[in-house]
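Line order of the protein sequences matches chains A and B.
Quick note: the first sequence uses our numbering, first residue 5, plus one each step.
Quick note: the second sequence uses our numbering, first residue 5, plus one each step.
Check each hint, because a few of them may be wrong.
Same chains, same label: a pair holds when it works inside one copy or across any pair of copies.
[As the list claims (entries may be wrong)] Keeping only pairs whose Cα atoms sit at most 25 Å apart, straight-line, the calculated SDA-like set for lysine to any residue is:
1) 26 <-> 108
2) 26 <-> 41
3) 26 <-> 104
4) 26 <-> 43
5) 26 <-> 50
6) 26 <-> 42
Just so you know, these hints were derived from the structure itself, not from any lab.
Protein chains: 2
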Amino acid sequence: MFTMNSIGVIRSPYSDTAQVPKGPGATHTAEGTLEIHAEMQDGLTDIEGFSHLYVLWVFDRASGFDLLPTPPTDTRPHGVFATRAPRRPNPIGLTVVALVRRDGLNLHVRGVDMLDGTPILDIKPYLSSVPIEHLRRGWLAEAEGR
Amino acid sequence: MFTMNSIGVIRSPYSDTAQVPKGPGATHTAEGTLEIHAEMQDGLTDIEGFSHLYVLWVFDRASGFDLLPTPPTDTRPHGVFATRAPRRPNPIGLTVVALVRRDGLNLHVRGVDMLDGTPILDIKPYLSSVPIEHLRRGWLAEAEGR
């Protein structure tokens, strides 16, 4: 068993999951702030050089898990590890955000899909992309095609 | 505080961090296997439709953390949240792998950079990429240029 503690908290325009854009064609352009705890400040050194960041966070308002959820993008169930569903064995969320501006302990970002007050576990620089022409997106591509 | 449990374990050719390609120009083409625990099997349903996966895992052989590590790609220290360094406040690793083949509970993948026996926390489908022309890579691009 592994124990984790938050390194900060997310400020977002969403207070309820119903407000977060979901389903086919959903885009994430909402702005928010990653408020990092003061004792972590040195860990932010040089982060402003990166255009995009991975944010790892906790689905703190989900409980339990469902191995075969039906996602909002489809009418059929899929394995949880083939979805971004919140009720996961380990409730960790992963979001790619664009870093707009750093202001001390606050990272102003674009592309949040988390609820206001969500605990942050980690931030990593986004270093490389898989070329889109190499991607296969399984059931999601099929559902979008229907 | 949040507690996490492994959903499986990584089989990789690396038993020591010194064997993992690191530093400027390192590429990750090693093949390995994600061995998922039997009780998680339903969660793998439909995963074979995806060409690439995010693997979230634990740096289980790192201890403590360093907010200003000097990464193998540079001679200067940088904030840990601007690096992929292992000694992090929450020791979670994130790797993008290509899914080669599924064999029941075993996902054969390419692109592992984890040590053999590493605990897996989560797997998510890789759905979209940031276009390379939109990426800025801060200190890493500077270090590569030197």
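Evaluated hints:
| no. | hint | verdict |
| --- | --- | --- |
| 1 | 26 <-> 108 | neither (32 Å within a copy, 30 Å between copies) |
| 2 | 26 <-> 41 | neither (30 Å within a copy, 30 Å between copies) |
| 3 | 26 <-> 104 | within (23 Å within a copy, 29 Å between copies) |
| 4 | 26 <-> 43 | neither (35 Å within a copy, 29 Å between copies) |
| 5 | 26 <-> 50 | between (33 Å within a copy, 20 Å between copies) |
| 6 | 26 <-> 42 | neither (33 Å within a copy, 31 Å between copies) |
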